[in-house]
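Build out the structure end to end from the sequences listed, making use of the hints.
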Amino acid sequence: MNFILLILSLFVPLTAQAQWTPAERNWFVSFSERPARFADAYGSTVWGVLAADGMFRSAAPGNSPFVPTLLENARYRTGWIEGNSSFQSADVDGNKKIRAPLIILLPGIFMDGESAETIALANYFYKRGYHVASLPNPWSPRAIRHKPRRKPGDLTFESRVTLELIRSIVEKIGADKVSTVSLLGESYGAILSTAVFATDQSDLRPIINGKVMGISPPLNLRDGASRLDEGIEKNEGRFGECGSLPVVWTLFRKILGRPNAVQSELGERALNCMEPLVFRVFRDSLADSVAAIKSSLINEAGNSEFLPDPSAEARVAPRKTGLRFGKVFDTIVPENKPLLRSPIGDLSYWANQLSPESRERLRIISASDDLLNVGKTWSTDESPAFSKENLFLLPWGGHLGFMADPDFVKLLDIAY
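In the numbering used here, the protein residues as written are 1 to 416.
It is worth saying that the hints were derived from the structure and are not from the lab.
Just so you know, nobody snuck in bad clues.
SDA-like mimics (lysine to any residue), calculated; alpha carbons at most 25 Å apart, straight line:
hint	residue 1	residue 2
1	K376	W20
2	K410	R34
3	K172	I98
4	K410	S179
5	K320	R145
6	K320	T331
7	K234	D40
8	K320	P246
9	K327	P338
10	K337	F157
11	K177	Q201
12	K337	H146
13	K172	H146
14	K337	G375
15	K410	N26
16	K327	E233
17	K410	G129
18	K320	N235
19	K254	D40
20	K410	E24
21	K127	Y416
22	K410	A261
23	K127	W20
24	K376	L391
Model, not experiment: these values are computed from the prediction.
Here it is as structure tokens:
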């Protein structure tokens, strides 16, 4: 941070406020009383992804184009990623920047900042006059190809580099043009946003002075990874059948871009394939990231030298059948396996580092049927942040699925 940015940061007003407002609580009660659109978490999850994809992917380029930005901060160039954020700046009279709030979007695991849900959120905030930056998840192939100093899975490292990147973005916009800095994270990005917030608030001059909202965070990465492995193991034999053209066509025809779709519109075969499809997406995405790690961060001998051949990714792509998160931590990122098993991988670990004043600006939204947290409870014994003052636990919605509901945007209208 340069001297001017340092001085200006001292005059950015804090916006701490009480947790969920009465209007936000009314939304929660209204949403919770509605019947679930799908009978289980898998249907809700698939519906959420497809509905958001069709609604927003085609609209993004014309309405609020993502402008690739190469930030000039030297530590950023040699850090986690290099110039690989998607960036939008609120403007008036062409490209003249105005003073506006900045929101940083941290997408879910394997997502590169341009997933359907992230594009939807970016468009929403951009149209409301925000500066918007969406950052690739540390596990995304795009981030990995930029040769991070460490492999993905180290939340402490990732939070520090993300915070450094946020400071660079503020400097790029101009600190005098940024009124507040807020975070919104999804899934892995939700626990990362909490870690970034905690890391920032421990700084002598914190920069995150707005709200931090985590959507569908895993309570801990360890159990979340185990749950995914169990689901892949159970359903892998049906991945081919459920990825067949008739099933995929039915889902796309009935759900794509249709947030009001309901279960009764789908046939039994498509409904029975919801669970296998969810876990196939996780397994196949993991395979893509493993290929990126092997081609960008380790050579065939297994050390940390880079492979110069850009086509190496296809050459070292792992066999998808039998691929598991546990195996990846055993063989591909073994240095981060102890971190996965430590408190660092717990959402409560980071939330508990927040002062009561900072915790007032933290919001968490999840569903009781989230597949990553099966059998887990949101106990205030683990963290005060899991109380009703900070947490909305919806009765249905799966993993991120509720975000595609037309009423979800009403919460954003109220909260922001």
